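*Asks:* Construct the complete structure from the given sequences, taking the supplied hints into account.
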Amino acid sequence: MQFEDQISGILRRHEGRKGALLPILNDVQAALGHVPATAVPLIAEALNLSRAEVHGVVTFYHDLKPAPADLPVVKLCRAEACQARGVEALAPVFEADERIQVETVYCLGLCASGPSAMVGDRVFARLDEAGAKKLIGEVAA
Amino acid sequence: MRVFVPGDAAACAVGADAVAAAVGEGVVRNGSRGMFELEPLLEIETDAGRIGFARVTPDDVPAILAEREAHPKCVGPVEELPFLKRQTRLTFARCGITDPQSIEEYRAHGGLKGLERAIALGPEATVEEVFQSGLRGRGGAGFPAGIKWRTAAGAVADQKYIVCNADEGDSGTFADRMVMEGDPFMLIEGMAIAALAVGATRGYIYIRSEYPHAIRAMERAVETARINGLLGRLLHSEHHFDMEVRVGAGAYVCGEETSLLESLEGKRGEVRAKPPLPAIEGLFGKPTIINNVLTLAAVPYVLAEGAKAYADYGMGRSRGTMPIQLAGNVRNGGLFETAFGITLGELVNEIGGGTLSGRPVRAVQVGGPLGAYFPPSEFHLPFDYETFAAADGLIGHAGITVFDDSVDMAKMARFAMQFCAAESCGKCTPCRIGSVRGMEALDRVLAGEAVAANLVLVEELCETMKFGSLCALGGFTPYPVMSALKHFPEDFARAREVETMS
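Protein chains in written order, with this note's numbering: chain X, 1 to 141; chain Y, 1 to 502.
You may find that some hints are simply not true.
[What the hints assert, rightly or not] In silico EDC-like cross-links for lysine to aspartate or glutamate, where the CA-CA straight-line distance does not exceed 20 Å:
#1 K18(X) / D158(Y)
#2 K73(Y) / D17(Y)
#3 K267(Y) / E88(X)
#4 K267(Y) / E45(X)
#5 K134(X) / D17(Y)
#6 K65(X) / E15(X)
#7 K18(X) / D17(Y)
#8 K75(X) / E45(X)
#9 K113(Y) / E238(Y)
#10 K466(Y) / D392(Y)
#11 K18(X) / E45(X)
#12 K267(Y) / E103(X)
#13 K411(Y) / E459(Y)
#14 K286(Y) / D312(Y)
#15 K18(X) / E346(Y)
#16 K466(Y) / E440(Y)
#17 K267(Y) / D97(X)
#18 K274(Y) / D392(Y)
#19 K18(X) / E219(Y)
#20 K18(X) / D60(Y)
#21 K134(X) / E440(Y)
#22 K134(X) / E103(X)
#23 K73(Y) / D60(Y)
#24 K411(Y) / D97(X)
#25 K113(Y) / E124(Y)
#26 K73(Y) / E37(Y)
#27 K18(X) / E238(Y)
Bear in mind the hints are in silico, worked out from the structure with no lab data behind them. Computed from a predicted structure; not experimentally measured.
*Replies:* What follows is the structure, given as structure tokens:
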């Protein structure tokens, strides 16, 4: 499907919805893996917003990326509860692996089972070095 | 024979999906009981109640189903486990017991009684019931829900909204997630009661994107509720209410109520100055009740059993129960719902069982990333909004994160500033700039550079952030920083030695 068609398909799905910008942007991010700058004017026009307003929203939220990830992304929780359970000692295992890209998230709500990570919609907890390596292997495969 | 394997994210994160697949057809994906050390906790229904099996792998399943109580992973009757038995579960009464997606089971276990009573009572009496219960906002601020509801009920407008704040971003908390995954109809019922009480017809539940399981569970439950008359015309009464699920995009600050409203409107999640209060001018400029998941989830009980039944629990001005979350380096981590008044020490040592690492407890952070750190010498503090405020801390969303003696509190203070800098919405200067300067000053402290002067700077920054920030992100970041300085000066003094040596 053409990029423009994908965007207009998403826009149609949210037609008439109040406060639709964030749901639209989340859908674009999910469909394309990022929110390309070229999508901004299309979305702005459909919602009767300025490009600056849409750009401002895109750049505000951590989930909305300006470019697609080059490698599979592992979101590693590095908030306090996972720190208390040793994520800082484990993080280098993820960071050193060139097959994946590590992103920091603050809290996956698995705070009694950390260290924890998320890949797509899947969550992983009680990670130790062996678990981390297994996870990386799966993700990179 | 019914077999239960939780569909809760914390169970799935340690392999519950594969265990459920091994059980096969007919397995019930219940919510979690909140004993995360035991997950995946498989349960089998027997004549003598439900028997649990801890840390089950798919390979264990055939033997468990055959051997039952004789299997080495059997932990006996689940309800008899001390961690569960000591609790007073009002909000979490059904969580882990029922099939969370079955509205029939919800009803069979006492669900919808609250809404039925609210319909019978009418809006005004429903607001009064919530007011009389003493229920306070469970998101962190502890503002009386009844007053918020009265304000919204009194506002005159062509449209009012109910917004559920499910942007549970605090580290050390997972109770909202457990409600959404483990008992979603209770939350929908709570929102419906709020809608009826103040005359709102539309609702939104704003869930953080880091919770894909909760998002799916709520979307399914809302659909089921609509089909079964829990939404739309509320239980076939004259009251109308419908709601939709909205998903965040990874901004912690959107857990702040006005920032969340901005985000729902499709804007940057920047905090609004108050007044106007959301109850008067909230979502799309209309009167809006915005409450946390746990607040709205407590409402069905309050209505079903009456304000007094709820208010009979608790201490002082903290009425009812609090779903407390034991997290971090703790042996028995999980969800512990109990009446206010239990001490921090009971929670951490008796119920939590101390640290998972087996080393001494050095610090606990109460109330998420914006909460204070307390040493064991403060463990006599009873869990109560006012007591914690008087001790320069807060209850927040009731997450307790335990650290052992390997923690470096100067680093934790620095992390608090780093977190604030990463998540600041940027609208007000104390938070936006103060957090970055605070991080830099603490970096210098950690490096042993002009420690005394930099700590003075940190204190001054904290003062400015506390009193000058628009919301709790900048306003409360000083709590972890200053409490670390106050209770653990030696961790900052260690850096001073570096200074003396150089």
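*Asks:* Next step is simple, just say for each hint if it's right about the structure.
*Replies:* Right, here's what the structure says about each hint:
{"no.": "1", "hint": "K18(X) / D158(Y)", "result": "16 Å, holds"}
{"no.": "2", "hint": "K73(Y) / D17(Y)", "result": "18 Å, holds"}
{"no.": "3", "hint": "K267(Y) / E88(X)", "result": "34 Å, violated"}
{"no.": "4", "hint": "K267(Y) / E45(X)", "result": "16 Å, holds"}
{"no.": "5", "hint": "K134(X) / D17(Y)", "result": "17 Å, holds"}
{"no.": "6", "hint": "K65(X) / E15(X)", "result": "23 Å, violated"}
{"no.": "7", "hint": "K18(X) / D17(Y)", "result": "36 Å, violated"}
{"no.": "8", "hint": "K75(X) / E45(X)", "result": "33 Å, violated"}
{"no.": "9", "hint": "K113(Y) / E238(Y)", "result": "17 Å, holds"}
{"no.": "10", "hint": "K466(Y) / D392(Y)", "result": "12 Å, holds"}
{"no.": "11", "hint": "K18(X) / E45(X)", "result": "16 Å, holds"}
{"no.": "12", "hint": "K267(Y) / E103(X)", "result": "24 Å, violated"}
{"no.": "13", "hint": "K411(Y) / E459(Y)", "result": "16 Å, holds"}
{"no.": "14", "hint": "K286(Y) / D312(Y)", "result": "35 Å, violated"}
{"no.": "15", "hint": "K18(X) / E346(Y)", "result": "47 Å, violated"}
{"no.": "16", "hint": "K466(Y) / E440(Y)", "result": "18 Å, holds"}
{"no.": "17", "hint": "K267(Y) / D97(X)", "result": "37 Å, violated"}
{"no.": "18", "hint": "K274(Y) / D392(Y)", "result": "24 Å, violated"}
{"no.": "19", "hint": "K18(X) / E219(Y)", "result": "18 Å, holds"}
{"no.": "20", "hint": "K18(X) / D60(Y)", "result": "50 Å, violated"}
{"no.": "21", "hint": "K134(X) / E440(Y)", "result": "37 Å, violated"}
{"no.": "22", "hint": "K134(X) / E103(X)", "result": "18 Å, holds"}
{"no.": "23", "hint": "K73(Y) / D60(Y)", "result": "9 Å, holds"}
{"no.": "24", "hint": "K411(Y) / D97(X)", "result": "26 Å, violated"}
{"no.": "25", "hint": "K113(Y) / E124(Y)", "result": "18 Å, holds"}
{"no.": "26", "hint": "K73(Y) / E37(Y)", "result": "13 Å, holds"}
{"no.": "27", "hint": "K18(X) / E238(Y)", "result": "25 Å, violated"}
Hints 3, 6, 7, 8, 12, 14, 15, 17, 18, 20, 21, 24, 27 from the list above are not met by this structure, while the remaining hints are.
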